[in-house]
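First to last, the protein sequences are chains A and B.
For the first sequence, the positions run 381 to 471 when the numbering used here is used.
For the second sequence, the positions run 22 to 249 when the numbering used here is used.
Since the hints were made in silico from the structure, they are not lab data.
A couple of the hints might just be wrong.
Think about it this way: if two alpha-carbon atoms lie no more than 16 angstroms apart in a straight line, the pair counts; the simulated EDC-like pairs of lysine to aspartate or glutamate are [stated by the list, open to error]: (1) A:Lys391 to B:Glu176; (2) B:Lys244 to B:Glu53; (3) B:Lys62 to B:Glu95; (4) A:Lys391 to B:Glu99; (5) B:Lys166 to B:Asp139; (6) A:Lys421 to A:Asp387; (7) B:Lys62 to B:Glu99; (8) A:Lys421 to B:Asp80; (9) B:Lys166 to B:Asp131.
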Amino acid sequence: MARVVVDVMLKPEILDPQGQAVQRALPRLGFEGIEGVRQGKRFELEVADPVTEEALARIHELAGTFLANTVIENYTVRVEEPARREEGAAA
Amino acid sequence: MTGGLGRIGVVTFPGSLDERDARRAVGLAGGEPVELWHREKDLRQVDAVVLPGGFSYGDYLRCGAIARFSPVMEPLLEQARAGMPVLGICNGFQVLCESHLLPGALTRNDHLHFVCRDQRLRVETDGTAWTGDYETGQEITVPLKNGEGGYVADERTLDALEAEGRVVFRYVGGNPNGSRRDIAGISNEAGNVVGLMPHPEHAVETLTGPTTDGLGFFTSVLKRLVTA
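The shape of chain B in the complex, shown without the other chains (with noise of 0.2 angstroms):
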């Protein structure tokens, strides 16, 4: 799809580890991944990010803190308040919330335990930039691996995001770190800035993950580019 719609930046900022496996899941949609720098401030004309887990900057002050400020994220803030498909996984959730592109905050598991496990989801809508190839109520598998997963806001945040229909993704089979309400993943209000806690990038092939279920989060992004 060189040169047509469908280029994926991909952030990579010290301490990322999965932007290999978010790149390749990008390539096995059909979609072009590009490597992006977090010092670079030219999103070099992609059609959409993925902010991928890790650890950026050791998160020495709070997960994300200081990877929020780099260079990349300026154009991205910019580009995902006009619409541009932004999804943030983990890690990249929580630089998400620490730029307030998504409300809420993600803290320490309550159980204080590192989560490695397949974990189950339900899909809670289909409508956002994300999600358009699955169904609402669907529940897909992918893996989980984190150690500040829980995601926490206010209670009039959390009634607003049930209200408008911004909890994508939901804790099935056990909450594995403490996320109220069992939100595993939230949308901006406009559907295109998504932010979950386990790894669709990782459930793209059966040889390396539990499942393909993954795959649908960048199949989707790029329909909704073609169609946009």
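Same shape as in the complex, but just chain A (with noise of 0.2 angstroms):
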């Protein structure tokens, strides 16, 4: 099973008030130096069968269509290794 992770970000020109309020809140927790913050989401895909090039643009479709709305969103789409789990349940 292979992981597909899409990102999704309000498009740079879009007000984000979630991202500045976090932003506002840093200097009082002691971070300094942090000029600007914006807020996305990250969906994570399981795939069963293999991510061909066929199955990757099935799943801009997907993205471009639903997971974003690209009036005011941007999206971008990667595949992820699937976790080696085994060896993390070993330690």
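Take the two lone chains, each set in its own frame, and fit them into one complex as the hints suggest.
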């Protein structure tokens, strides 16, 4: 099973009041020097079959029509290698 | 008006909460309200449709994004494109934008707070199916309640909306949510589809509303249907 990650972010020109609220809280918490915060969404799609070019094209379509509203948001799609769970479990 | 023109469907999505008020407003205006469930693919020969306010599907993805794919939206989109009057109020407006029946999108209020107040609006055009009983320039007061009501679109779209007379309502006396150019409601090119964030269906009786200014939406569309 492969994992495909879709990251969705508001377009740069769209106001992100949530990100701004997070940024305003930073100095109060002692974090200096952060000049901007934008908040987005991350979708992790667990794909049953190998991620072929065709499957990836379908996921792009899914991302562009449903996961992201391209009027206000940009998105990126990337294939993430499946986690090697058996190695992690041995630790 | 049973059997005649004036059957106005009101769609209930999971999370809709203003469908009863919308149906009541239709009745007070002299129309016949028809309940429509979002899973139905049949509009039951209604003459117009209202998408009411609420929190469809919990708005998990974006407001209206999942509701937009409900079965009822298929015949609705088809008939709206053919000229059937459709009014989207609040979450209904968001659903219409997600459906691309109306341009732009609704985003989180710029101040991050949920707003609930009586809101003054200016009717910018009486040329739509839902505003014929108002006069262009008239000011009305209806309730407003939303957390994600900021209307945004790119400059080109905003300019086009203004040039084509498709800004239907503008906020007066303060912008409650950071909407671009104080836009509270817009229409499609033909003027049969209108979306707005404030709630005219809550201003149809003085007992429960600040005014009866909202009744004009429903009398407008009923007149339009009779004379169409």
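- Message: Are any of the numbered hints broken by this structure? If so, which, sorted upward?
- Response: 4
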